[in-house]
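Novice: From first to last, the protein sequence lines stand for chains S and C. The first sequence: position 276 = 276 (the UniProt record's numbering), numbered continuously. The second sequence: position 172 = 172 (the UniProt record's numbering), numbered continuously.
Just so you know, the hints here were simulated from the structure itself, not pulled from any lab data. One or more of the hints may lead you astray.
Because identical chains share one entry, a pair is satisfied inside a single copy or across any pair of copies.
Stated by the list, open to error - Computed cross-link-like contacts, PhoX-like style, restricted to lysine-lysine with a CA-CA straight-line distance of at most 20 Å:
#: 1; residue 1: K115; residue 2: K243
#: 2; residue 1: K158; residue 2: K224
#: 3; residue 1: K281; residue 2: K158
#: 4; residue 1: K149; residue 2: K62
#: 5; residue 1: K158; residue 2: K81
#: 6; residue 1: K63; residue 2: K243
#: 7; residue 1: K81; residue 2: K149
#: 8; residue 1: K250; residue 2: K281
#: 9; residue 1: K63; residue 2: K250
#: 10; residue 1: K115; residue 2: K81
#: 11; residue 1: K62; residue 2: K115
#: 12; residue 1: K13; residue 2: K250
#: 13; residue 1: K80; residue 2: K149
For reference, the chains in residue letters:
Protein chains: 2
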Amino acid sequence: MAGEISQSTVKDKCQRLTPQTTANLLDSVDAFLFDCDGVIWKGDVLIDGVSDTLDLLRSMGKKLVFVTNNSTKSRRQYAKKFHSVGISVSEDEIFCSSFAAAMYLKVNDFPIEKKVYVIGEEGILEELELAGFTPLGGPEDGKKTVHLKPNNFFEHDKSVGAVVVGLDQYINFYKLQYGTLCIRENPGCLFIATNRDAVGHLTDLQEWPGAGCMVAAICGTTQKNPIVVGKPSTFLMDFLLQKFNIPTSKMCMVGDRLDTDILFGENAGCRTLLVFSGVTKESDLQDSSTQIQPQYFTTTLSDILTLVDNTKSPL
Amino acid sequence: MAGEISQSTVKDKCQRLTPQTTANLLDSVDAFLFDCDGVIWKGDVLIDGVSDTLDLLRSMGKKLVFVTNNSTKSRRQYAKKFHSVGISVSEDEIFCSSFAAAMYLKVNDFPIEKKVYVIGEEGILEELELAGFTPLGGPEDGKKTVHLKPNNFFEHDKSVGAVVVGLDQYINFYKLQYGTLCIRENPGCLFIATNRDAVGHLTDLQEWPGAGCMVAAICGTTQKNPIVVGKPSTFLMDFLLQKFNIPTSKMCMVGDRLDTDILFGENAGCRTLLVFSGVTKESDLQDSSTQIQPQYFTTTLSDILTLVDNTKSPL
Numbered sequence: 001m002a003g004e005i006s007q008s009t010v011k012d013k014c015q016r017l018t019p020q021t022t023a024n025l026l027d028s029v030d031a032f033l034f035d036c037d038g039v040i041w042k043g044d045v046l047i048d049g050v051s052d053t054l055d056l057l058r059s060m061g062k063k064l065v066f067v068t069n070n071s072t073k074s075r076r077q078y079a080k081k082f083h084s085v086g087i088s089v090s091e092d093e094i095f096c097s098s099f100a101a102a103m104y105l106k107v108n109d110f111p112i113e114k115k116v117y118v119i120g121e122e123g124i125l126e127e128l129e130l131a132g133f134t135p136l137g138g139p140e141d142g143k144k145t146v147h148l149k150p151n152n153f154f155e156h157d158k159s160v161g162a163v164v165v166g167l168d169q170y171i172n173f174y175k176l177q178y179g180t181l182c183i184r185e186n187p188g189c190l191f192i193a194t195n196r197d198a199v200g201h202l203t204d205l206q207e208w209p210g211a212g213c214m215v216a217a218i219c220g221t222t223q224k225n226p227i228v229v230g231k232p233s234t235f236l237m238d239f240l241l242q243k244f245n246i247p248t249s250k251m252c253m254v255g256d257r258l259d260t261d262i263l264f265g266e267n268a269g270c271r272t273l274l275v276f277s278g279v280t281k282e283s284d285l286q287d288s289s290t291q292i293q294p295q296y297f298t299t300t301l302s303d304i305l306t307l308v309d310n311t312k313s314p315l
Numbered sequence: 001m002a003g004e005i006s007q008s009t010v011k012d013k014c015q016r017l018t019p020q021t022t023a024n025l026l027d028s029v030d031a032f033l034f035d036c037d038g039v040i041w042k043g044d045v046l047i048d049g050v051s052d053t054l055d056l057l058r059s060m061g062k063k064l065v066f067v068t069n070n071s072t073k074s075r076r077q078y079a080k081k082f083h084s085v086g087i088s089v090s091e092d093e094i095f096c097s098s099f100a101a102a103m104y105l106k107v108n109d110f111p112i113e114k115k116v117y118v119i120g121e122e123g124i125l126e127e128l129e130l131a132g133f134t135p136l137g138g139p140e141d142g143k144k145t146v147h148l149k150p151n152n153f154f155e156h157d158k159s160v161g162a163v164v165v166g167l168d169q170y171i172n173f174y175k176l177q178y179g180t181l182c183i184r185e186n187p188g189c190l191f192i193a194t195n196r197d198a199v200g201h202l203t204d205l206q207e208w209p210g211a212g213c214m215v216a217a218i219c220g221t222t223q224k225n226p227i228v229v230g231k232p233s234t235f236l237m238d239f240l241l242q243k244f245n246i247p248t249s250k251m252c253m254v255g256d257r258l259d260t261d262i263l264f265g266e267n268a269g270c271r272t273l274l275v276f277s278g279v280t281k282e283s284d285l286q287d288s289s290t291q292i293q294p295q296y297f298t299t300t301l302s303d304i305l306t307l308v309d310n311t312k313s314p315l
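Construct the complete structure from the given sequences, taking the supplied hints into account.
Specialist: So this is what it looks like as C-alpha cells:
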C-alpha cells in the first residue's frame with residue numbers, strides 16, 4: 001500500500017506543459033540545463049524550432065547550459081557543432097562527459113606522471129590533454145589487431161593509472177584487452193565511464209550502441225564497476241553548482257531520457273522537463289512500471305514558444 | 001549463524017587429492033568431464049602429463065568427455081586441435097559451446113526459415129550449418145565498418161530470429177549494432193550466449209577477454225539478459241545425460257574455474273575436481289568469500305598419475 005501511495009504522489013507531480021505551467025516554470029527557473037541529443041538535435045539535424053526557443057529563453061535572461069553524455073567530442077568540438085547548426089554557444093556553456101572525465105581526474109588529484117588509457121574517441125583525448133594529462137589509446141588503437149599466437153605476449157603500459165571508457169565506434173579486441181589488463185594488473189588503476197547510456201541517436205534516422213555498450217564490455221572482463229562521471233551521476237552537477245552559483249532549485253534539467261537526464265536532474269534537486277523528441281515516448285512515461293518521473297513534460301522544446309505566446313494573449 | 005554452519009559444511013566436503021581420496025574418486029566415477037582451457041592445455045600448449053593421465057583413465061575403462069566454453073571452434077575443429085597436440089578424441093566426445101548453441105535452437109524447434117545472426121567465430125557458424133540453420137555475420141562482418149552520416153540508414157535482416165554471441169576477437173561496432181537491432185526490433189528474437197566467461201587463456205602466456213565481454217556489451221545495449229547454453233548452465237549436461245545414460249552421481253567434472261566448471265558440475269549433481277593449472281589459484285579457494293567449493297582439488301591433472309601409483313605401492 002505504501003508503494004501505491006508513493007507512486008500516486010509521484011504521478012501527481014508530473015505535469016504537461018500548458019500556458020499556465022510554462023509560466024510557472026519560467027518564473028521559478030534562472031538556468032536551463034539541456035541534454036543535446038534528442039532535445040537540441042538528432043544526429044546532425046537540428047530539431048525544429050529549437051533555435052528560436054533558445055533565443056526566447058536568452059531574451060528572458062535565462063542562463064543556458066548544454067549538458068551531454070556524448071563523449072566523442074571535446075567542448076571545443078561541440079561549440080563548433082553548435083555553430084554549424086546555427087546556434088551560438090561558448091565553450092564555457094558546454095559540459096560534455098569527455099570534459100567530465102578529465103575534470104574527475106583533476107579534482108581527485110590524479111598523479112600527472114601516470115597515464116590514462118582511453119577506449120573512446122577524440123573528444124576524451126583532447127580534454128585529457130587540455131587538463132594536463134597524458135592519454136594513450138583512443139582512435140590510434142582503432143586499427144590495431146591482436147595475434148593470438150603462442151609466445152606472443154600482449155604488453156601494456158604499467159604506468160597507466162586510469163582507464164576512461166566512452167562511446168567508441170572503433171571498438172576492437174585490442175582495446176578491450178589493453179583496458180582490461182590495465183584495470184586487472186596495474187595496482188589501483190581507476191575504471192572511469194563517461195556514461196552508461198545503452199543507445200544514442202548518433203544519426204538522425206536511428207539509434208546506435210552507446211557508451212553503455214563499451215562500459216559493459218569492460219565490466220564483463222574485469223568484473224568491476226566503473227566510476228560514472230556523466231549523467232545520471234551528480235559529478236557534473238557539483239561542477240555546475242560551483243561555477244554558476246545558482247541553487248539547483250532554480251535550475252531546470254531538460255532531457256529526452258528518464259534514466260539519465262531526468263534522474264540526473266532529480267538527484268541534484270533541479271526541476272525537470274522531459275521532451276518526447278528523442279528516446280522516450282509518451283507511452284513510456286504512462287507505463288506504470290516507470291519509477292522515474294519528470295516534473296514537467298511536453299512533445300518538443302519549441303512547444304515553449306507557442307505556450308509563452310498563449311500566456312500573453314488575452315483570455 | 002545458519003550461514004556459518006552451511007559454509008563450514010561446504011568447506012569440510014572439499015578434499016585435497018591424496019592416494020586415498022584419489023582411489024575413492026576413481027572407484028565412484030564412470031565418466032570424467034574435462035574442461036579444456038587450463039586443464040588439458042593453455043592456449044595451444046598441452047599441460048605436462050595430461051596425455052599419460054588420459055591414457056591411464058581410459059585404461060581403467062573410464063569414459064572421457066571434453067566440455068569447453070570456448071565457442072571459436074566446432075567439434076570437428078576441436079578434434080583436429082586434440083590430434084595436433086597428440087591426444088586422440090572423436091567428435092562425439094567433444095561438447096563445445098558452439099555446438100551447444102546450435103543444439104539449443106534445435107531442441108527448442110527454432111524455425112528453419114529464420115536466420116541466426118552470429119557475433120562470434122567460425123565454430124558457431126559451422127555448428128549452426130551442420131544443424132541445418134542459416135547463420136549470418138561471424139568472421140565475414142569483422143571487416144565491415146559503419147558510416148555515421150545523416151540519411152545513412154543501417155539495415156538489418158528482419159528474418160533473424162536469434163542472435164548468438166560468443167567469443168569474438170574481431171568484435172566491432174558494425175556487429176554490435178547489427179546484433180542490437182535484431183534483438184531490439186525483430187519480434188521474439190532470441191539472445192543466446194555461448195557462455196559468460198570474463199576471460200580465457202586464448203594463448204599460453206596470458207588471459208584475454210572472454211565471451212562474457214561481448215555478451216555484456218550486447219546486454220549493455222539491449223538491456224536484456226541472454227539465454228546461456230555453456231557452463232554453468234545445465235543445458236549441456238542435460239544433453240550428456242541423454243547421450244551416455246550414466247547418472248550424474250557417477251560423473252566427475254574436472255575444471256580450473258569455480259564459477260563455471262565447478263558450479264556446472266555441482267548444479268548437475270556430479271562429483272567435482274578443481275585443478276590449479278588454469279584460472280583459479282589455491283589461495284582463491286581458501287578465500288572465505290568463495291561460495292562455490294569443489295569436492296576434490298589438486299595442483300594439476302597429472303597428479304592422478306603419481307597418486308594412483310602410490311596407492312599401488314606397498315605400505
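Novice: If a hint holds in the structure, say so; if it doesn't, say that too.
Specialist: Quick rundown of the hints versus the structure:
In the homo-oligomer, the alpha carbons of K115 and K243 never lie at most 20 Å apart, since the shortest distance is 28 Å inside one protomer and 54 Å across protomers. Taking CA atoms no more than 20 Å apart as the test, K158 paired with K224 passes inside one copy only; the shortest distance there is 19 Å, against 35 Å between copies. Taking the shortest alpha-carbon separations for K281 and K158, neither the intra-copy value of 46 Å nor the inter-copy value of 23 Å comes in at or below 20 Å. With identical chains, the CA atoms of K149 and K62 are never at most 20 Å apart, being 60 Å at best within one copy and 33 Å at best between copies.
Proximity of K158 and K81 under a CA criterion of 20 Å is satisfied in neither setting, with 37 Å inside one chain copy and 35 Å between copies. In this homomeric assembly, K63 and K243 come within 20 Å of each other (Cα to Cα) only inside a single copy, at 12 Å, whereas the closest approach across copies is 71 Å. For the homomeric pair K81 and K149, the shortest alpha-carbon distance between copies (14 Å) is at most 20 Å, but the shortest distance inside one copy (44 Å) is not. Neither within a single protomer nor between protomers do K250 and K281 lie at most 20 Å apart by alpha-carbon distance, with minima of 27 Å and 56 Å respectively.
In this homomeric assembly, K63 and K250 come within 20 Å of each other (Cα to Cα) only inside a single copy, at 11 Å, whereas the closest approach across copies is 73 Å. Within a single copy, K115 and K81 get their C-alpha atoms no closer than 29 Å, and across copies no closer than 40 Å, so neither meets the 20 Å cut-off. In this assembly of identical chains, the alpha carbons of K62 and K115 never lie at most 20 Å apart, being 40 Å within a copy and 54 Å across copies at closest. In this homomeric assembly, K13 and K250 come within 20 Å of each other (Cα to Cα) only inside a single copy, at 17 Å, whereas the closest approach across copies is 62 Å.
Taking the shortest Cα distances, K80 and K149 sit within 20 Å of each other only across copies (17 Å), while inside one copy they are farther apart (45 Å).
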